[in-house]
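*Asks:* Listed here are the chains, written in short residue letters.
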Amino acid sequence: MPTNDPVKGAGKIDTPALVKALRQFLPNAAVITETEALRPYECDGLSAYRQIPWAVVLPETVEQVCQVMSLCHHWQIPVVARGAATGLSGGALPLADGLLLSLAKFNRILNIDPIARTARVEPGVRNLAISQAANPYGLYYAPDPSSQIACTIGGNVAENSGGVHCLKYGLTVHNVLELKVVTPDGHLTTIGGPALDSPGYDLLAIMNGSEGMLGILVEVLVKLLPCPERAQVLLAAFDDVERAAAAVGEIIAAGIIPAGLEMMDGLAVRAAEDFVHAGYPTEAAAILLCEIDGTNEEVSDHIRRARDLLLKKGATEVRTAQDDDERIRFWKGRKSAFPAVGRLAPDYYCMDGTVPRKRLPEVLTRIGALSREYDLPVANVFHAGDGNLHPLILYDANRPGELRRAEDFGADILELCVRVGGTITGEHGVGHEKIHQMCVQFSAAELEQFHRVKAAFDPSLLLNPGKAIPQPKHCAEYRTLARDTLVPPGERSKAAG
Amino acid sequence: MNSGQDLSTELREHVLQAAAEDKRLELLGGGTKRFYGHPTTGVPLEISGHRGVVTYEPKELVMTVRAGTPLAWVEQALASEGQMLPFEPPHLGDRATVGGTLACGISGPRRPFTGAVRDFVLGARIINGRGDILRFGGEVMKNVAGYDTARLMAGSLGTLGVVLDVSFKVLPLPERELTLSRECSQPQALAEMNRLAGRPLPLSGACYDGRRLHIRLSGSSLAVAAGKNHIGGDEGHSQQLWQDLRELSLPFFNSPQPLWRLSVPASAPPLECTDKQFLDWGGAQRWLVSQAPPESIRTMVEKLGGHATLFRGGTRNQRIFHPLSQPLMILHQRLKQAFDPKGLFNSGRLFPEL
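Chains as they are written, first to last, in our numbering: chain A, 256 to 752; chain B, 923 to 1276.
In isolation and in its complexed conformation, chain A is listed as follows (with noise of 0.2 Å):
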């Protein structure tokens, strides 16, 4: 990748030798070189941006990962990791001079305790069977991701990925106990323990949303919470988006927090509607989805005073899910949002900025003016309690420039977002899609300094190389050149191969 000085890597070695080092103690089919069988591992969930790796391996227990990284390190070659693949920021967009190191097989749920309350898994375990697992004693496992069908436990570790429920019950940092991790030189090393904290310094707040660039997990101890006694939705019709987006912060202000507050623009409404048949009101401008959960009467009360407060606020009509079927069918729209609004256009871009609540009414009226601008739609599903965006952009990258365009629209949402007081990414990772915008967020000394803590992990920098951190030189061209004048990120990859 041009962007972060690429020193190393397979193409500068004996390729049959490296293979045969590998195979020494791997399985014949757990290292792939084949083109063919390589596509399936060219892209994760942005596949904008692809890369054929320079071979893929499929480790089976510790001790393999740990050799894998000990000849990695002595050979000096680059390792992406990758678990599901359902990330969307190219986060596990493989190396050309690099070996993609997948954690598929690592899929084992090794302990429920349910007296400790703590499932121990392995990283590739997806996300949704540790609360299938657990629910039998009735706990769960809270951060629940859109896509918690398939993306996996490491991956949600490596990004700290989010979801409908962290409003109240927290990201995957809040969640997480400990973690197994190899460490790039091939030893393996424990951080944290089945304790409430350890000793020293919180490493595992680094190591949750380190994008695959510290270290490789090998097993997880998580958090479970108990399973609510109820859990009841409101789902709340506008006939203007920014009155809605208003009414997501008087709830926060009346004392409530709910389990989940989402929202979906009249585009998306219509979109998941097509799609599922939710059961939404087709002619709102938006819909907010409001969980509560908690004790009986407890949420019978919330629900009625969340009630009256969005009908005080605009909303045009309320309506109680009248049973778990009704809930569960809400939900399925918010949660497949993202693939219905894809039958709308060829392609989608997902952006994922996060910005104050009380903000919410403006970036919602700026991006409506910037779809305009840029002569694309856009559909606005997000995670409206935390404040945490997700526009989609629609296209057709079949046609000429509008790739382009799409990236340049979403470009300036993130820059927007930083603006009012915002993040460029509030749980999709920066991986390789928001390399630039990093700039805009960090100044170099931060920067600098994001690069002295990857070091501390990683001296030879060896793990993901390229992603989530831009070198300053490289933001120093981005604030000085125009935008135009770059490679656009969406041949980069072309570029680098």
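To be clear, the hints were calculated from the coordinates, so they are not data collected in a lab.
Virtual Cβ for every residue (Gly too), placed ideally from N, Cα, C.
Please note that a few of the clues may not be correct.
As the list claims (entries may be wrong) - Simulated pairs of lysine-lysine, DSS-like, Cα-Cα distance not exceeding 25 Å:
1. B:K1150 / A:K423
2. A:K435 / A:K360
3. A:K423 / B:K1091
4. B:K1264 / B:K945
5. B:K1150 / A:K613
6. A:K478 / B:K1091
Said to hold, decoys possible - Now the stretches of chain B that chain A is said to cover, found in silico as 3 or more residues with beta-carbon under 8 Å:
7. 1074-1085
8. 1164-1174
Unchecked claim - Pair by pair, the computed Cβ-Cβ distance ranges are:
9. B:Q1255 / A:G569: 53 to 59 Å
10. A:S302 / B:D928: 46 to 52 Å
11. A:Q279 / B:E1224: 33 to 39 Å
12. A:E289 / B:A942: 57 to 63 Å
13. B:N1176 / A:E581: 53 to 59 Å
14. A:I583 / B:E935: 57 to 63 Å
15. B:P1192 / A:R294: 56 to 62 Å
16. B:S1143 / A:D579: 22 to 28 Å
Given the coordinates of chain A, work out where chain B should sit on it, guided by the hints.
*Replies:* Below, chain B without anything else, positioned relative to chain A:
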């Protein structure tokens, strides 16, 4: 309340000067937790003048405050809007500051149920050992741009940088709180605390004083009432109990003997030890007053999957915090180096090696 002063520039100059002269600094807030950790040498760098609430908007559930601000100010400002710092930090004296609260990373009885200091850190501005003023995180609920360096400051005992200001997520004060108590043995208390923590109840405290189990419920009146019906026991007048436990001012903590803080899984069995104990955090934090050799205490706790801190008393030139494995110590040294290459800040306070 916003009357304060911004000494960022002055503090930065002190750091640059110390770096130029290779002079060590002891970062000092109100000095209420100066006993905690290893003694450190260095010229005191007073932070307490750098004070004031920078932004506080109750609807956003976020407060940004300068490090030298008295913790009492902050709690008062929050309470006047019906909100609180959800981690119930101990003051341990009138002069406790926000910066010291963050640096020490000590959380009160509510910790297992709502979270620790680190869980509520949204952002921070710091001065590193190069004299750079750096801002990490922010004032929004979700932010994964860059490493979570702001959260790393919690519990780092001022060894990585001078924290200038910090943004905390805050929460509404519970509508109602009540405490239920009953007599039982320690094994019964542990079993009950773990059983209740696995139930959907509005718990906000669970401790055992050696004779009685105390359970605090917080939340809406309806939820608290439902919880009370589920749990049973005597309703006490125990706001004071939780306050005294938070401030470590119960008679248990008055002993002249060394006070150990043991952090173990809540479900760990009773300690193999007859010394006086006080169980907090639903069993996950066990206070121990003991003259036993530190090695025996550490070995006992390690077997349970936890770690031991010589919290107060004893000789302070022995190991205070649980020793790290060698790879972790190397990582700590490299991180220290990454933020503070000349070792200016609170040298040796967390570990003699740092």
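*Asks:* Run every hint past the structure and note whether it holds.
*Replies:* Here's how the hints hold up against the structure:
Taken as a hint, the K1150 of chain B and K423 of chain A pair is honoured in the structure, with Cα atoms around 23 Å apart against an allowance of 25 Å. Distance restraint check for K435 of chain A and K360 of chain A: the Cα-Cα separation of roughly 16 Å lies within the 25 Å cut-off, and the hinted pair is therefore satisfied. Only pairs whose Cα atoms come within 25 Å are accepted, and K423 of chain A paired with K1091 of chain B is accepted, the gap being roughly 11 Å. Distance restraint check for K1264 of chain B and K945 of chain B: the Cα-Cα separation of roughly 9 Å lies within the 25 Å cut-off, and the hinted pair is therefore satisfied.
For a cut-off of 25 Å, the pair hint linking K1150 of chain B to K613 of chain A is broken: about 37 Å separates their Cα positions. With a CA separation close to 21 Å, the supplied pair K478 of chain A and K1091 of chain B stays within the 25 Å bound. For the segment 1074-1085 of chain B, the assignment as covered by chain A holds, since 5 residues bring a beta-carbon within under 8 Å of that chain's beta-carbons and 3 suffice. Counting residues of the segment 1164-1174 of chain B whose beta-carbon sits less than 8 Å from any beta-carbon of chain A gives 0, not enough to reach three: the coverage restraint is violated.
Our hint of 53 to 59 Å for Q1255 of chain B and G569 of chain A holds, since their Cβ atoms are close to 57 Å apart. In this structure the hint that S302 of chain A and D928 of chain B lie 46 to 52 Å apart at CB holds, the actual value being about 47 Å. Checked against the hint of 33 to 39 Å, the pair Q279 of chain A and E1224 of chain B passes, with Cβ atoms roughly 36 Å apart. Look at E289 of chain A against A942 of chain B: about 59 Å separates their beta carbons, and that is inside 57 to 63 Å.
As the Cβ distance of N1176 of chain B to E581 of chain A is approximately 58 Å, the hint placing it in 53 to 59 Å holds. Look at I583 of chain A against E935 of chain B: about 60 Å separates their beta carbons, and that is inside 57 to 63 Å. Between P1192 of chain B and R294 of chain A the Cβ separation comes to about 58 Å, which falls inside the hinted range of 56 to 62 Å. Distance hint check: the CB atoms of S1143 of chain B and D579 of chain A are about 26 Å apart, consistent with the given range 22 to 28 Å.
The earlier numbered hints that this structure contradicts are 5 and 8.
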